[in-house]
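As given, the protein sequences belong to chains A and B, one line each in that order. Residue numbering for the first sequence follows the working numbering, starting at 7 and increasing by one per position. Residue numbering for the second sequence follows the working numbering, starting at -13 and increasing by one per position.
Note that these hints are calculated values from the structure, not bench results. Since the model is a prediction, treat every value here as computed from it, not as a measurement. Take these hints with a grain of salt, some might be off.
Claimed, not checked - Below 27 Å or equal to it, Euclidean Cα-Cα: the simulated DSS-like pairs (lysine-lysine) are:
1. A:50 - B:53
2. A:15 - A:63
3. B:23 - A:63
4. A:20 - B:26
5. A:20 - B:27
6. B:23 - A:15
7. B:91 - A:63
8. A:15 - B:91
9. B:26 - A:50
10. A:63 - A:20
11. B:27 - B:42
12. B:-11 - B:54
13. B:26 - B:43
14. B:43 - B:27
15. B:23 - A:50
16. B:-11 - B:43
17. B:27 - A:50
18. A:50 - A:15
19. B:91 - A:50
20. A:15 - B:26
21. A:15 - B:27
22. B:26 - B:42
23. B:54 - B:27
24. B:54 - B:42
25. B:43 - B:53
26. B:-11 - A:50
27. B:-11 - A:63
28. B:26 - B:91
29. A:63 - B:27
Spelled out, the chains give:
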Amino acid sequence: NAGVTQTPKFRILKIGQSMTLQCAQDMNHNYMYWYRQDPGMGLKLIYYSVGAGITDKGEVPNGYNVSRSTTEDFPLRLELAAPSQTSVYFCASSYPRTSGGLSSYNEQFFGPGTRLTVL
Amino acid sequence: EDKVVQSPLSLVVHEGDTVTLNCSYEVTNFRSLLWYKQEKKAPTFLFMLTSSGIEKKSGRLSSILDKKELFSILNITATQTGDSAIYLCAVSNSGGSNYKLTFGKGTLLTVNP
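Bound-form chain A, shown alone (with noise of 0.2 Å):
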C-alpha cells in the first residue's frame, strides 16, 4: 500500500491564484481530514469527510473548499490565494475501529505534506 499520498510536495502561488492540492488513500478509509501547520501552531483542521459525499468544516475552512466524490481522493481547493494560506497542507485518514459493538477511534495516518507559499 501506499498509504496516504499527496501532491504537490511544493508550490507557490500568486495573490488572488487558484489551485488543488491532491490526497489520495489506497488503505479504503472512510474518513479523511486536511490540516494545515504553521511553524509553533500545530495542526489546525480544515476541512474532515466521514464517507463519500460527506464533507464538514473544520476549526479554520475559511478560504478553502473540498469536495469528496470517491472514497480514496479528498482534494482541497484555494480559490483566491492570500498569504496568509502560506502554510504546510498535511492530508490525513483513519479508519473507526468497532469493539464490543461500539465504534471507538483510530489513530489517523498522515501524508507527506505540501508546502504551499503565497507571494
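With chain A held as given, fit chain B onto it using these hints.
Just chain B now, with coordinates in the frame of chain A:
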C-alpha cells in the same frame, strides 16, 4: 471548545538524558489521547491512551494518562539524536465528532550529541 496544552514548547538535552513531555487537556466527553512524533515530514503515530494509569511502552518511549487530573506525559529515556523531533499531543471526544482530533502546539525536542 476542546483544548490541548503542551509543555514545554521546546527542550534541549544531551544524549543519554531522560525527558518528560507534558500534555494537559480540556475536552467534553473525552475519548482518547494520542501522541505523534514529527520529524521533517508527516506526523507518525506513537501511542493512543484511553484508560487512566495504564502505561503504554515502546522501547525507550512510554506514556501514561491521568483522566482525573486531565493530563498525559511522554517519557523518553536514554535519549538519542534521532529522538530530535516535534512531539504532538492530540485528543478526541466521544461526541458526534469523535473522529476529529484537537492538537496541541507541540514540543520541539532537540537532542545534542
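How the hints compare with the structure:
1. A:50 - B:53: 24 Å, holds
2. A:15 - A:63: Holds - the C-alpha atoms of residue 63 (chain A) and residue 15 (chain A) are around 24 Å apart, at most 27 Å.
3. B:23 - A:63: With Cα atoms ~26 Å apart, residue 23 (chain B) and residue 63 (chain A) stay inside 27 Å; holds.
4. A:20 - B:26: 26 Å, holds
5. A:20 - B:27: 25 Å, holds
6. B:23 - A:15: 20 Å, holds
7. B:91 - A:63: 21 Å, holds
8. A:15 - B:91: It holds: about 23 Å lies between the C-alpha atoms, which stays within 27 Å.
9. B:26 - A:50: 18 Å, holds
10. A:63 - A:20: Given pair residue 63 (chain A), residue 20 (chain A) holds - Cα atoms ~25 Å apart, limit 27 Å.
11. B:27 - B:42: Distance ~24 Å between residue 27 (chain B) and residue 42 (chain B) Cα, so the pair holds.
12. B:-11 - B:54: 16 Å, holds
13. B:26 - B:43: OK: residue 26 (chain B) and residue 43 (chain B) at ~24 Å, within 27 Å.
14. B:43 - B:27: OK: residue 43 (chain B) and residue 27 (chain B) at ~24 Å, within 27 Å.
15. B:23 - A:50: It holds: about 16 Å lies between the C-alpha atoms, which stays within 27 Å.
16. B:-11 - B:43: 25 Å, holds
17. B:27 - A:50: Judged against 27 Å, a Cα distance of about 16 Å means the pair holds.
18. A:50 - A:15: Holds, at about 19 Å.
19. B:91 - A:50: 10 Å, holds
20. A:15 - B:26: Cα-Cα ~13 Å, so holds.
21. A:15 - B:27: Holds, at about 11 Å.
22. B:26 - B:42: Within the cut-off at roughly 25 Å; holds.
23. B:54 - B:27: Since the Cα atoms of residue 54 (chain B) and residue 27 (chain B) sit roughly 34 Å apart, the hinted pair is violated (cutoff 27 Å).
24. B:54 - B:42: 18 Å, holds
25. B:43 - B:53: Holds, because 18 Å separates the two Cα atoms, which is no more than 27 Å.
26. B:-11 - A:50: 12 Å, holds
27. B:-11 - A:63: This hinted pair holds, its Cα atoms lying about 18 Å apart.
28. B:26 - B:91: The hint holds at about 16 Å.
29. A:63 - B:27: This hinted pair holds, its Cα atoms lying about 25 Å apart.
Violated hint: 23 only; the structure is consistent with all others.
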